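Participant: So you can see what is in the structure, the chains are spelled out below.
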Amino acid sequence: MRTFKSFITQKGFLFKLGLIICALWFIVVIFAPLIATHSTTAQDLSIRYEPPSLSHLFGTDELGRDVFSRVMYGSRISLTAGIITVICALSIGILFGGIAGYKGGKVDEIMMRFSELIMAFPPLILAMVIAAALGPSILNSVIAMAIIWWPNYARLMRSMVISLKESEYVTASRVMGASHIRVLFLEILPNSFGPLLVMATLDLGNAILMFSGLSFLGLGTQPPTPEWGSMVSDGAKVIQNWWVSTFPGLAIFSISIAANFVGDGLRDFLDPKLQKE
Amino acid sequence: MLRFIGRRLIFLLFLLFGVALFVFILSHLVPSDPVAANLSQSAMNNPEIVAAFKEKWGLDKSLFSQFILYFQHLLTGDLGTSIRTGRPVMEDLMQFFPATLELSIVAMVIALVLGILFGVISAIFRNKPVDHIIRTLSISGVSVPSFWFALIMLNIFSSVIGITPGPGRIDARSTTPEGGTGLLLLDSLLNGDFQLLGDVAMHLILPATVLGFFTMGLIARQTRSNLLEVMSMDYIRTARSKGLKESGIIVGHAISNSLIPVITVAGIGFCNLLGGMVLVENIFAWPGIGQYAYLSAVSLDFPAICGVSLLIAFIYVVINLLIDILYGIIDPRVRYR
Chain A
1 MRTFKSFITQ KGFLFKLGLI ICALWFIVVI FAPLIATHST TAQDLSIRYE PPSLSHLFGT
61 DELGRDVFSR VMYGSRISLT AGIITVICAL SIGILFGGIA GYKGGKVDEI MMRFSELIMA
121 FPPLILAMVI AAALGPSILN SVIAMAIIWW PNYARLMRSM VISLKESEYV TASRVMGASH
181 IRVLFLEILP NSFGPLLVMA TLDLGNAILM FSGLSFLGLG TQPPTPEWGS MVSDGAKVIQ
241 NWWVSTFPGL AIFSISIAAN FVGDGLRDFL DPKLQKE
Chain B
278 MLRFIGRRLI FLLFLLFGVA LFVFILSHLV PSDPVAANLS QSAMNNPEIV AAFKEKWGLD
338 KSLFSQFILY FQHLLTGDLG TSIRTGRPVM EDLMQFFPAT LELSIVAMVI ALVLGILFGV
398 ISAIFRNKPV DHIIRTLSIS GVSVPSFWFA LIMLNIFSSV IGITPGPGRI DARSTTPEGG
458 TGLLLLDSLL NGDFQLLGDV AMHLILPATV LGFFTMGLIA RQTRSNLLEV MSMDYIRTAR
518 SKGLKESGII VGHAISNSLI PVITVAGIGF CNLLGGMVLV ENIFAWPGIG QYAYLSAVSL
578 DFPAICGVSL LIAFIYVVIN LLIDILYGII DPRVRYR
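In the order they appear, the protein sequences are chains A and B.
Quick note, in my numbering, the first sequence goes up one by one and the last residue is 277.
Quick note, in my numbering, the second sequence goes up one by one and the last residue is 614.
Calculated from the structure, these hints are not laboratory results.
Remember, it's a predicted structure, so these values are computed and weren't measured experimentally.
It cannot be assumed that every hint is accurate.
Claimed, not checked - Per label pair, the in silico range of CB-to-CB distance:
| id | chain 1 | residue 1 | chain 2 | residue 2 | range |
| --- | --- | --- | --- | --- | --- |
| 1 | A | Pro224 | B | Leu414 | 35 to 43 Å |
| 2 | B | Pro324 | A | Leu197 | 52 to 60 Å |
| 3 | A | Phe193 | B | Arg284 | 34 to 42 Å |
| 4 | B | Gly445 | A | Pro51 | 25 to 33 Å |
Said to hold, decoys possible - With the C-beta cut set under 10 Å, the calculated list includes, among others, these residues of chain A facing chain B:
| id | residue |
| --- | --- |
| 5 | Asp108 |
| 6 | Met112 |
| 7 | Phe114 |
| 8 | Ile130 |
| 9 | Asn260 |
We put the beta carbon where it would ideally sit given N, CA and C, even for glycine.
In isolation and in its complexed conformation, chain A is listed as follows:
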């Protein structure tokens, strides 16, 4: 039996590494005020562009702000934005794909063509347009990303529903008088959760990447909010002062690669065919 213990102690080293990195970042998110050594907004022009030292671990930026403290606090914004985006996209996708797959026929056809329409847009360009149109803010970039992200979940959910709705346990449940909503959400959904979870984990990294990309372009957070993408953008102007952009970039990279490790590990765990290999 595949228990939780075998899941954690399986040989996948990268999976464990990913879990550790994710756990560390969640600790940083919660305890950011205790970990940060300086204020994130206090300016001191006398110490502009100080290279990393013991007093400023990651150096200082153009306004003399401590980069380390800003990176630590930045985790709150990036992770929250990434998680909320994925949850929104997942919810829309489950609902949309669930209805399309369950209803079938014309409804399915129209709903799927609509999702293809969204997918035909280059994601970042569409997100950029929506974020620019709504006005640059964290909430608006999350809305923009959720709008472009759900079709993948909808398509996955739809294929799961189609393969499960003819199965015997679902028929049994129908015979017992269960409503369509009950069948869809209490019978089919729990059995589709594995693949959806894998996709969501892999997407968390992508969502954080895109969010920081939007902020880099000036369409996400606004100064002086410490956010990784906009911090890299600050550093892009002064490429010789490498520490200003390198550390926030590393932060994005670490969380994104960790999400990929965990997602890959989860997929191997849930797919016995891959596990054997």
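Assemble the complex: chain A is given as a structure, and chain B must be docked to it using the hints.
Facilitator: Structure of chain B alone, referenced to chain A:
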């Protein structure tokens, strides 16, 4: 086959209609005001200027007549006039697209060559250190923020080591050839201008590598898992039992069969390249569609945004169509319905 292509082309028309409709609705749903985004504050205070601006861009007509007008223009191939540049959108696209096309083709070549090479090496040396290194590199490819990676590369190779030129498409002292295709590699080659060719190539190498890194990761992962799957098949065992050398089996029997699914991934990767273009072009000051899309988006220049979206949606669908056709040619088992 022809029926299949015909059906896909009809779908393409519907899709482009949908994209145009979507951008149109978006441009009228958003709370932002294109008038405010494009006129100065003093011009905004002058009702005559505002009225003239609205009349010029058809913003004073009813939503429905704006919609009809817009589609009439689209059908004749007129994408409208960019509010920001004041030029026909079609002209803008024609000017900026070659730079993007050239960059993405070079990036794709880099991604394909390195991706397949790494994937094959990784599969052959499965679970050896080199396999782990390549797999980590491939996952890095799909997780690294491209704008940050671009900055690091630019810093290392242009500023510190100094072997590649800075941002831009060509050296400030060079001049682009008049006319031509706009693809500078091709143009300079056709003109026999080898100095320009070298200059263009050196400017291309960094942004193309950064852009291709993501797709390289995708392709390497796919190649590895396909090759491993193929290597466990019966006909490979047969080849082995005939006494063929392992290298001969891999090159002659396994690789060609394992590359079929890679085509799909390469197609997805190419579409991804076009999307990721915005950030990379921004850092490398590349005068392409990505920059154009970005500048259009921030100034809410909807005719231009719609033009870019239509162009890229068109490329998406055409690439997917090409992949499906290619599949049919390579793998006769694939039947079109």
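Participant: Does each hint fit the structure? Answer for all of them.
Facilitator: The hints, checked one at a time:
1. Pro224(A) to Leu414(B): 35 to 43 Å: 36 Å, holds
2. Pro324(B) to Leu197(A): 52 to 60 Å: With Cβ atoms ~56 Å apart, the hint holds.
3. Phe193(A) to Arg284(B): 34 to 42 Å: 35 Å, holds
4. Gly445(B) to Pro51(A): 25 to 33 Å: Since glycine 445(B) and proline 51(A) have Cβ atoms about 29 Å apart, the given range 25 to 33 Å holds.
5. Asp108: 16 Å, violated
6. Met112: At 12 Å from the nearest chain B Cβ, methionine 112(A) fails the 10 Å test, so the hint is violated.
7. Phe114: 8 Å, holds
8. Ile130: 7 Å, holds
9. Asn260: Interface hint status for asparagine 260(A): holds (5 Å vs cutoff 10 Å).
The structure does not agree with the numbered hints 5, 6 stated previously, though it agrees with the rest.
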